[in-house]
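Using the sequences and the hints given, assemble the complete structure.
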Amino acid sequence: MWGDYDNKFALLRNLYAYQFGHPGKKLNFMGNELGSFDEWNEQRSLPWNLLTYPKHDSVRRLCRDLNLIYQAEDAMKCEEYNPVHFHWLMVDNADQSVFAFEREFGDSDLIFIYNMTPNFYESYDIGVNHEGTYDEILNTDKDVYGGWNQYNGAPLQTAAFGPENRPFHLTVKLASLGACILKRRIEKKK
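Residue numbers (our numbering): 285 to 474.
A few of these clues could be false.
[To be verified] EDC-like cross-link-like pairs, simulated, lysine to aspartate or glutamate; straight-line CA separation at most 16 Å:
1. 339 / 288
2. 310 / 379
3. 309 / 363
4. 472 / 391
5. 467 / 427
6. 457 / 419
7. 310 / 376
8. 309 / 341
9. 467 / 419
10. 467 / 415
[Unchecked claim] Ranges between beta-carbon positions, derived for each pair:
11. 437 / 471: 46 to 54 Å
12. 354 / 330: 18 to 26 Å
13. 404 / 472: 30 to 38 Å
14. 328 / 438: 16 to 24 Å
15. 366 / 444: 23 to 31 Å
16. 327 / 381: 32 to 40 Å
17. 438 / 330: 22 to 30 Å
These are calculated hints, taken from the structure and not from any lab test. Here the structure is a predicted model, which is why all the values come from computation and not from measurement. From the three backbone atoms N, C-alpha and C, an ideal C-beta is built for every residue, glycine too.
In structure tokens, the structure reads:
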């Protein structure tokens, strides 16, 4: 992977968030969540001692939390091969290398946003399909995952007219080499 020690881990966290976000069954093979520098070797046991290092343990923690989101959110697993539940929101931004997509099913509506560059964006507009309030349920740049704590702490409110011909937009903070997952609040009708 590209970059110094910290950037390698940021890219790995981004990769795992990308893999978990996309439709399809999730496969974690032989200790990938340990963040090992060596490839798997069938003649050796897994390097569990890596978990004594904070960066490696933070990758394990991220994989755990991604699995918990996968279990909790119907948008992540229900009818995952039906294209009506997956929408690209931003796919062709080559200048900034930011892309986003939406996964929705029933009352579960998630937005996945990825910044594939080492540039930090304090205010970045992402076009979305639904009006409302969104909460950030995961950000790979939180310090608990070994990041620099560049995340969206407060709930995000949509505004009218978004990029990519979307009816609404969210203004988000995008960490360098980071990914975030936003969940739309669904108002229960009484």
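Numbers of the earlier hints that this structure fails to satisfy, in rising order:
Failing hints, ascending: 2, 5, 7, 8, 11, 14 and 17.
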